[in-house]
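Asker: Sequence:
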Amino acid sequence: METSRERVTRADVAKAAGVSETIVSYVVNNNRYVAKEKRQRVEEAIRALNYRPNNMARALKGKKSNQILFIADHITNEYFSSIVSAMDQYAYEAGYLISLCANRNTPEFVSQVISRQYDGIIVSSASFPEEYVSQLSQAGIPVVVFRRRLHLKPMEHAALMETGLYTGARKAVRHLMEKGCRNIVYVDRISARGHVSPADDMRFSGFVDEMKESGFSVGPDNIVCGCRSQEELEEELRERFRKGKAADGIFGRNDTLACIAMTTAQQVGLRVPEDIRIIGFDDSSISRLCSPKLSTLGFQQREIAKTAIDMLSQMMNGQQPENVDFDTVLIERESTL
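The sequence shown runs 1 to 337 under my numbering.
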């Protein structure tokens with residue numbers, strides 16, 4: 001049965017915004033300059049009426065774009081470039097081309113994505129709101145979400161994949177404990193705005209849950225967060241080490257953070273791993289280049305890439321795939337021996 005959302009036309013949007021249908025077309029397709037005030041009125045009307053040009057265009061044309069979009073927080077990140085490289089092979093074999101795009105995290109960005117008529121979208125972004133995923137799925141676009149947060153509600157046209165963030169974080173903490181560490185510090189992200197990971201962030205919550213389940217408290221003394229730059233992080237760690245705050249293990253949210261912690265520890269005279277053991281996450285190239293070489297957690301990248309494309313293909317064919325969970329691989333190197 002046709003819904004009211006599907007009956008909304010470009011003329012309805014034009015009338016609500018007080019502009020011509022041509023102006024609405026320019027805004028929707030983003031192919032002409034439109035004055036800021038008019039563009040704003042059109043975008044507000046599109047949201048208010050829940051206008052979805054994509055779905056109607058597809059239904060009328062019966063065509064596919066043969067394009068898949070991968071949305072990530074940091075497209076220069078080595079992990080994302082590696083995963084997209086693997087996805088590109090499987091997508092091409094399935095008849096699709098894949099594009100990588102940085103998340104802009106605005107309603108306008110979501111509207112732009114919808115207007116581009118992608119056949120499927122993969123989202124791996126800690127900052128991409130659940131509401132935006134819902135908007136994409138409501139537009140009839142199959143979406144695979146790499147879970148970065150613990151609490152995500154099931155939604156139509158969307159499937160969830162756990163790449164191993166939560167279980168990997170717990171595995172990292174257990175590894176440090178098995179090596180005798182009892183005062184473990186978690187090094188959180190660097191954020192230009194001083195943001196910290198929320199409680200349901202999968203890496204952070206994995207750290208907290210494993211610590212608590214093992215009988216250790218979690219508080220300010222074993223969390224480094226809110227640093228706005230590498231220099232600020234180094235100074236925070238340096239001050240902790242100099243003040244003699246007990247730390248015999250460090251878990252870096254990613255390999256880069258772990259290597260920064262390792263270098264800082266060495267600068268104040270701590271030996272790795274004799275005095276302090278350090279582990280990272282992602283198995284990026286820096287983990288093999290630093291000295292001593294860094295223990296880390298690696299993803300099953302090719303399996304994740306293939307499964308994501310398979311899940312999208314199923315949804316494009318009208319099937320709803322089961323959610324999938326992957327585990328990480330512990331890679332022990334010199335920093336925790």
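In case anyone wonders, no lab produced these hints; they're calculated from the structure.
Please note that the accuracy of each hint is not assured.
[Claimed, not checked] The calculated lysine-lysine pairs, modelled on DSS-like cross-linking and capped at a C-alpha distance of 27 Å, are:
#  : residue 1 : residue 2
1  : 179       : 64
2  : 15        : 36
3  : 179       : 243
4  : 153       : 306
5  : 15        : 38
6  : 171       : 212
7  : 212       : 153
8  : 171       : 15
9  : 171       : 293
10 : 212       : 243
11 : 212       : 179
12 : 153       : 171
13 : 64        : 306
[Unchecked claim] Now the in silico label distances, taken between C-beta atoms and shown as ranges:
#  : residue 1 : residue 2 : range
14 : 191       : 21        : 36 to 46 Å
15 : 319       : 289       : 35 to 45 Å
16 : 331       : 112       : 34 to 44 Å
17 : 235       : 89        : 42 to 52 Å
18 : 140       : 182       : 50 to 60 Å
19 : 64        : 235       : 46 to 56 Å
20 : 140       : 48        : 13 to 23 Å
21 : 18        : 329       : 56 to 66 Å
Every residue, glycine too, gets a C-beta built ideally from N, C-alpha and C.
Asker: For every hint, state whether the structure bears it out.
Answerer: Results of checking the hints against the structure:
1. Restraint check: the Cα-Cα separation between residue 179 and residue 64 comes to about 54 Å, which exceeds 27 Å; the hinted pair is violated.
2. Proposed proximity of residue 15 and residue 36 is supported: the alpha carbons are some 18 Å apart, at most 27 Å.
3. Taking the CA atoms of residue 179 and residue 243, the gap is near 24 Å; set against the 27 Å cutoff, the hint holds.
4. Restraint check for residue 153 and residue 306: the C-alpha separation of about 24 Å stays at or below 27 Å, so the hint holds.
5. Distance hint between residue 15 and residue 38 is fulfilled; the C-alpha atoms sit about 12 Å from each other, no more than 27 Å.
6. Using a Cα cut-off of 27 Å, the hinted pair residue 171 and residue 212 holds, with the two alpha carbons roughly 14 Å apart.
7. Of the pairs offered as hints, the one joining residue 212 and residue 153 holds, with about 26 Å between alpha carbons and a cut-off of 27 Å not exceeded.
8. Pair hint residue 171 plus residue 15 does not hold up; C-alpha atoms about 57 Å apart against a cutoff of 27 Å.
9. Between residue 171 and residue 293 the alpha-carbon distance is near 19 Å, which keeps this suggested pair within the 27 Å criterion.
10. Distance check on the hinted pair: residue 212 and residue 243 sit about 25 Å apart at the alpha-carbon level, within 27 Å; holds.
11. Restraint check for residue 212 and residue 179: satisfied, since their Cα atoms lie roughly 18 Å apart, inside the 27 Å limit.
12. Distance check on the hinted pair: residue 153 and residue 171 sit about 26 Å apart at the alpha-carbon level, within 27 Å; holds.
13. A hinted pair counts as satisfied when its Cα atoms are at most 27 Å apart, and residue 64 with residue 306 qualifies at roughly 21 Å.
14. A hinted range of 36 to 46 Å holds for the C-beta pair residue 191 and residue 21, which are about 43 Å apart.
15. Separation of residue 319 from residue 289 is about 43 Å and conforms to the stated range, judged on CB atoms against 35 to 45 Å.
16. Distance hint check: the CB atoms of residue 331 and residue 112 are about 39 Å apart, consistent with the given range 34 to 44 Å.
17. Restraint check, residue 235 to residue 89: a C-beta distance of roughly 43 Å satisfies the suggested window 42 to 52 Å.
18. Taking 50 to 60 Å as the suggested C-beta distance range, the pair residue 140 and residue 182 conforms, at roughly 53 Å.
19. Range check, residue 64 to residue 235: Cβ separation about 53 Å, and the 46 to 56 Å hint holds.
20. Judged by the Cβ atoms, the range 13 to 23 Å given for residue 140 and residue 48 holds: they are separated by roughly 20 Å.
21. Evaluation of the 56 to 66 Å hint for residue 18 and residue 329 yields a pass: the beta carbon distance comes to about 58 Å.
Going down the numbered hints, you'll see the structure goes against 1 and 8, while the others check out.
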